Amino acid sequence: MKELKILYLYPDILELYGDFGNIQVLRYRLEQRGFKAIITPYSIGDLAPNFNDYDLVFAGGGADQEQSILAKDLIQYKDNIQQAVDDGVFFLLICGAYQLFGKYYKGVEGNIIPGLEIFPYYTEAINDRKKRCIGNIVIETTLNNIKTKVIGFENHGGQTFDVNTPFGDVLFGNGNKFGDSKEGFFLNNVIATYLHGPLLSKNPELADYIIKYCLDRKYNENITLSALDDSFESCVREQLLDRFLKKL
Amino acid sequence: MKNFFIVLAMKALHLGLKIMGKNGGNFLGKLAYDWNPNIFKYFKIDCPIIAVTATNGKTMTNNAIGYVFKTAGKKVISNTEGNNMETGILSTILKNCTLTGKVKADYLVFEVDEGYVPVVFKDLKLDTLVVINFFRDQLDRNGEVESLILKINEFLKNYSGNLVLNNDDPNVARLGHANPNNENVFYFSVDKYEHATTNMKEAGEGKFCPFCNTRIEYQYYQYSHIGKFECPQCHYGNNNIYRTAINIDLKNKCFDVDNTTYHIRFNSIYNIYNFTAVIACASLYKVDTEIVKKALSEFVLNNGRLEELQVHNIPTIINLAKNPTGANVSLRVLNEDNDEKELLFVLNDNMADGFDVSWIWDINFDNLNNVTRIVTSGTRAFDIAIRIKTSGYTPAKIEPYLNLEEAITNLYKTNTKKYVIANYTSLQSTRKEILKYSEKKL
Numbered sequence: 015m016k017e018l019k020i021l022y023l024y025p026d027i028l029e030l031y032g033d034f035g036n037i038q039v040l041r042y043r044l045e046q047r048g049f050k051a052i053i054t055p056y057s058i059g060d061l062a063p064n065f066n067d068y069d070l071v072f073a074g075g076g077a078d079q080e081q082s083i084l085a086k087d088l089i090q091y092k093d094n095i096q097q098a099v100d101d102g103v104f105f106l107l108i109c110g111a112y113q114l115f116g117k118y119y120k121g122v123e124g125n126i127i128p129g130l131e132i133f134p135y136y137t138e139a140i141n142d143r144k145k146r147c148i149g150n151i152v153i154e155t156t157l158n159n160i161k162t163k164v165i166g167f168e169n170h171g172g173q174t175f176d177v178n179t180p181f182g183d184v185l186f187g188n189g190n191k192f193g194d195s196k197e198g199f200f201l202n203n204v205i206a207t208y209l210h211g212p213l214l215s216k217n218p219e220l221a222d223y224i225i226k227y228c229l230d231r232k233y234n235e236n237i238t239l240s241a242l243d244d245s246f247e248s249c250v251r252e253q254l255l256d257r258f259l260k261k262l
Numbered sequence: 275m276k277n278f279f280i281v282l283a284m285k286a287l288h289l290g291l292k293i294m295g296k297n298g299g300n301f302l303g304k305l306a307y308d309w310n311p312n313i314f315k316y317f318k319i320d321c322p323i324i325a326v327t328a329t330n331g332k333t334m335t336n337n338a339i340g341y342v343f344k345t346a347g348k349k350v351i352s353n354t355e356g357n358n359m360e361t362g363i364l365s366t367i368l369k370n371c372t373l374t375g376k377v378k379a380d381y382l383v384f385e386v387d388e389g390y391v392p393v394v395f396k397d398l399k400l401d402t403l404v405v406i407n408f409f410r411d412q413l414d415r416n417g418e419v420e421s422l423i424l425k426i427n428e429f430l431k432n433y434s435g436n437l438v439l440n441n442d443d444p445n446v447a448r449l450g451h452a453n454p455n456n457e458n459v460f461y462f463s464v465d466k467y468e469h470a471t472t473n474m475k476e477a478g479e480g481k482f483c484p485f486c487n488t489r490i491e492y493q494y495y496q497y498s499h500i501g502k503f504e505c506p507q508c509h510y511g512n513n514n515i516y517r518t519a520i521n522i523d524l525k526n527k528c529f530d531v532d533n534t535t536y537h538i539r540f541n542s543i544y545n546i547y548n549f550t551a552v553i554a555c556a557s558l559y560k561v562d563t564e565i566v567k568k569a570l571s572e573f574v575l576n577n578g579r580l581e582e583l584q585v586h587n588i589p590t591i592i593n594l595a596k597n598p599t600g601a602n603v604s605l606r607v608l609n610e611d612n613d614e615k616e617l618l619f620v621l622n623d624n625m626a627d628g629f630d631v632s633w634i635w636d637i638n639f640d641n642l643n644n645v646t647r648i649v650t651s652g653t654r655a656f657d658i659a660i661r662i663k664t665s666g667y668t669p670a671k672i673e674p675y676l677n678l679e680e681a682i683t684n685l686y687k688t689n690t691k692k693y694v695i696a697n698y699t700s701l702q703s704t705r706k707e708i709l710k711y712s713e714k715k716l
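As given, the protein sequences belong to chains A and B, one line each in that order. Using the numbering used here, the first residue of the first sequence is number 15, and each one after it goes up by one. Using the numbering used here, the first residue of the second sequence is number 275, and each one after it goes up by one.
None of these hints come from the bench; they were simulated from the model. These figures come from a predicted structure and were not determined experimentally. Check before you lean on any hint, since a few could be wrong.
Unchecked claim - List of simulated lysine-lysine pairs, DSSO-like, C-alpha gap at most 27 Å:
id	chain 1	residue 1	chain 2	residue 2
1	A	Lys50	B	Lys296
2	B	Lys292	B	Lys276
3	B	Lys396	B	Lys296
4	B	Lys431	B	Lys481
5	B	Lys466	B	Lys525
6	B	Lys396	A	Lys145
7	A	Lys232	A	Lys50
8	B	Lys349	B	Lys396
9	A	Lys86	B	Lys481
10	B	Lys425	A	Lys120
11	A	Lys117	A	Lys144
12	B	Lys304	B	Lys292
13	B	Lys304	A	Lys145
14	B	Lys466	B	Lys567
15	A	Lys144	B	Lys425
16	A	Lys145	B	Lys525
17	A	Lys260	A	Lys145
18	B	Lys706	B	Lys687
19	B	Lys568	B	Lys525
20	B	Lys344	B	Lys376
21	B	Lys671	B	Lys475
22	B	Lys481	B	Lys525
23	B	Lys396	A	Lys144
24	A	Lys92	B	Lys481
25	A	Lys92	A	Lys19
26	B	Lys344	B	Lys296
27	A	Lys19	B	Lys475
28	B	Lys481	A	Lys144
29	A	Lys120	B	Lys481
30	B	Lys376	B	Lys276
31	B	Lys431	B	Lys502
32	B	Lys691	B	Lys710
33	A	Lys144	B	Lys304
34	B	Lys525	B	Lys502
35	B	Lys296	B	Lys425
36	B	Lys296	A	Lys144
37	B	Lys378	B	Lys296
38	B	Lys671	A	Lys50
The task is simple: from the sequences and hints, build the whole structure.
Structure, rendered in structure tokens:
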């Protein structure tokens, strides 16, 4: 049986907005097709993982205080993570994890939390603590040459700069900064985004893009994923795209 | 003089509203507060003020405390309708004071929104504050739980009244350290119940010690992050307990505190916490144990908090769930019932619900006990349907309807027992729709 090995970083800390949903959706869509999902959690105090051993690495967003605790832990794996990114391991990074993989995060008081510096972008908190980019968001991205709308929810104070390869164009919502036209960061094998929580639940095309990428890489093939019954997903997309994009 | 006129004007307005058959909610308070934000100073209150705050269980605990005092023959003024921000509390006081601002009662009992404790009690003297729990709740509206706790902690640094705290919530018990000189800190706890687990089963907060950042260790979890905990480094959590509930028997709806058995009308672990807080509070004011026993055995809330109805002879249990823990404890009640049942989950994303429905992924839908069909509704009926499907529940047995009336009609096409979980803005419309269906001739 074909299988994917998923490393789930800090599931007990980076779990503020139901980020576990993404892991559940990936597992569901793999198992429905007869593939196996092996999910390995890693958190502070666990044995060091080898990032190259995995097909997919996932990390979500957390509370501010807890996030600064784990930043210190994650940085010890910097070289290993860089190698895994270069080798083509897929990384799905949400919200706080998106920020941590950049150069640094500058807090409201000017304090700097150093990032892993894997990617060239950086993030600065907006001066007014009460101002955050909060709300439903729709972006348009291109997956395997097909334009796809991605629906999610953003809630971040950090404004991310110097992104050369964004995840998508903002159709509704903010994006990397207040009123930005671009959202997230996208490489062939990396998606980093502010669309938090169960992002994949409303975007089956995106979930399948990630699954296909990982299977193709691991088994050196060009797989055609069998279709699943996505009737609820189609309904929610139709309903929400209509609701959000009509407002424009 | 200005305040006198404000009160006079509000009294007149209240009378007018009353004649028109309207309650007014927090409307009077809003007007008065906008007029003079320092109006709280105007009132002359000689009796103790008791306040209850929590993420979940405010209304239940507040109303039960009020009911205990009333059963003891005391005059109680309370915001029993759940208007719990500064304007709501102000409305309650305005309706019950004299023109000179005198409030005649034996006790004022208020439920207060977590974020508004420092605002309301800036100028009102608080005698007892009861704090029950802190959970993640509408993060896009309220922000992170930590910032709420820090606000209350700051307020408590200069507070030396009674503080009744849940010792089984690490986010609550820490408030006992806010003012080291306060000798009136009283912790309560609930002994391990039969469905407690060794691992956390549902999303929770407070994994690290607030004093030394060490990972907190638990002997057991009752639900979410509520349970017997201690910091292995600095031993935070190891407090003297003022009142402990033991022999928790949810089936027979009873438990013991200090060798007295209390019978209640609810069968959920979180309500045992609420009522233990009530008992702790009542004993601070020396209410006779027999009176507390009697009051708790009678007390019910018919507003969609574990409310039991018969709809064309089909047993129906309705419960509010506005955040992951609320939903998880509702599912606990459902799973602890072995009868065959069907579930209706209504999810809205209106302003008061928070626009973000990501929290439904923190609900544990695994291994539902004898649930044969699930109907979903609300403005996010499909989101919740996908959530339930992904947990492994057979998609063919999930029926989403955006239209609530249609959902209710389809829910009752079988005679199986129903559990209804509805979030904040959907609760009253769901209740109304069910009651309407209930009165319909079939």
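Comparing the hints with the structure gives:
no. : hint                   : result
1   : Lys50(A) to Lys296(B)  : 60 Å, violated
2   : Lys292(B) to Lys276(B) : 24 Å, holds
3   : Lys396(B) to Lys296(B) : 30 Å, violated
4   : Lys431(B) to Lys481(B) : 24 Å, holds
5   : Lys466(B) to Lys525(B) : 15 Å, holds
6   : Lys396(B) to Lys145(A) : 26 Å, holds
7   : Lys232(A) to Lys50(A)  : 13 Å, holds
8   : Lys349(B) to Lys396(B) : 25 Å, holds
9   : Lys86(A) to Lys481(B)  : 17 Å, holds
10  : Lys425(B) to Lys120(A) : 24 Å, holds
11  : Lys117(A) to Lys144(A) : 24 Å, holds
12  : Lys304(B) to Lys292(B) : 17 Å, holds
13  : Lys304(B) to Lys145(A) : 25 Å, holds
14  : Lys466(B) to Lys567(B) : 22 Å, holds
15  : Lys144(A) to Lys425(B) : 14 Å, holds
16  : Lys145(A) to Lys525(B) : 48 Å, violated
17  : Lys260(A) to Lys145(A) : 26 Å, holds
18  : Lys706(B) to Lys687(B) : 18 Å, holds
19  : Lys568(B) to Lys525(B) : 19 Å, holds
20  : Lys344(B) to Lys376(B) : 20 Å, holds
21  : Lys671(B) to Lys475(B) : 25 Å, holds
22  : Lys481(B) to Lys525(B) : 31 Å, violated
23  : Lys396(B) to Lys144(A) : 22 Å, holds
24  : Lys92(A) to Lys481(B)  : 25 Å, holds
25  : Lys92(A) to Lys19(A)   : 20 Å, holds
26  : Lys344(B) to Lys296(B) : 25 Å, holds
27  : Lys19(A) to Lys475(B)  : 24 Å, holds
28  : Lys481(B) to Lys144(A) : 25 Å, holds
29  : Lys120(A) to Lys481(B) : 25 Å, holds
30  : Lys376(B) to Lys276(B) : 16 Å, holds
31  : Lys431(B) to Lys502(B) : 26 Å, holds
32  : Lys691(B) to Lys710(B) : 18 Å, holds
33  : Lys144(A) to Lys304(B) : 23 Å, holds
34  : Lys525(B) to Lys502(B) : 22 Å, holds
35  : Lys296(B) to Lys425(B) : 35 Å, violated
36  : Lys296(B) to Lys144(A) : 36 Å, violated
37  : Lys378(B) to Lys296(B) : 24 Å, holds
38  : Lys671(B) to Lys50(A)  : 25 Å, holds
Consistency note: the structure conflicts with the earlier hints numbered 1, 3, 16, 22, 35, 36.
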